[in-house]
Amino acid sequence: TGSTQIPEHGLQSIEERTTSITFAPKHKNLYLVGAGVRMKAGHKIYAVAMYCSPSVLIRASSPVSLASTARSFNTVNPKTTFILEMVYSATAHDIAAAIA
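Here the sequence shown stands for residues -14 to 85, where the numbers follow the numbering used here.
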């Protein structure tokens, strides 16, 4: 079997550029794969980060293959989690209306 050791000295956080929310490079034993923002009706609703098993980083040979590997939910990639950070750039009424 292949090693699942990730050299942690090169890990970096990612700042989601639209919201300026920064996500840590590691969450428990999972590694940050990417971040994005959910917008609805022009309002920033939340920033989201995707964290995956070390096997995803090891199997990926490029940013394109990282995206497809991270989306494959199978025995090679047994754990994936998402972290949402709410963004309050609108009133509660506006957010409720945008989600509805």
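Careful, some of the hints might be misleading.
Stated by the list, open to error - Restricting the straight-line Cα-Cα distance to at most 30 angstroms, the calculated cross-link-like pairs of lysine-lysine (DSS-like) are:
1. K64 with K25
2. K13 with K29
3. K29 with K11
4. K11 with K64
To be verified - FRET-style restraints, in silico, Cβ to Cβ:
5. T7 with S47: 20 to 28 angstroms
6. A82 with R2: 38 to 46 angstroms
7. T76 with G(-5): 15 to 23 angstroms
8. K11 with S47: 16 to 24 angstroms
9. E0 with H78: 23 to 31 angstroms
10. H12 with H78: 26 to 34 angstroms
11. A77 with K13: 29 to 37 angstroms
12. G(-5) with F67: 32 to 40 angstroms
Derived by calculation from the structure, the hints in this document are not laboratory data. By construction, the Cβ of each residue, glycine as well, lies at the ideal position given by its N, Cα and C atoms.
Verification of the supplied hints:
1. K64 with K25: holds (28 angstroms)
2. K13 with K29: Holds. K13 to K29 sits at ~27 angstroms (cutoff 30 angstroms).
3. K29 with K11: holds (24 angstroms)
4. K11 with K64: Satisfied, since the Cα-Cα distance of roughly 13 angstroms is no more than 30 angstroms.
5. T7 with S47: 20 to 28 angstroms: Between T7 and S47, where Cβ atoms are some 24 angstroms apart, the hint holds.
6. A82 with R2: 38 to 46 angstroms: violated (26 angstroms)
7. T76 with G(-5): 15 to 23 angstroms: violated (41 angstroms)
8. K11 with S47: 16 to 24 angstroms: Given a distance of about 21 angstroms, which is inside 16 to 24 angstroms, the answer is holds.
9. E0 with H78: 23 to 31 angstroms: holds (29 angstroms)
10. H12 with H78: 26 to 34 angstroms: Holds - the Cβ-Cβ distance for H12 and H78, about 32 angstroms, lies within 26 to 34 angstroms.
11. A77 with K13: 29 to 37 angstroms: At 31 angstroms between Cβs, range holds.
12. G(-5) with F67: 32 to 40 angstroms: violated (23 angstroms)
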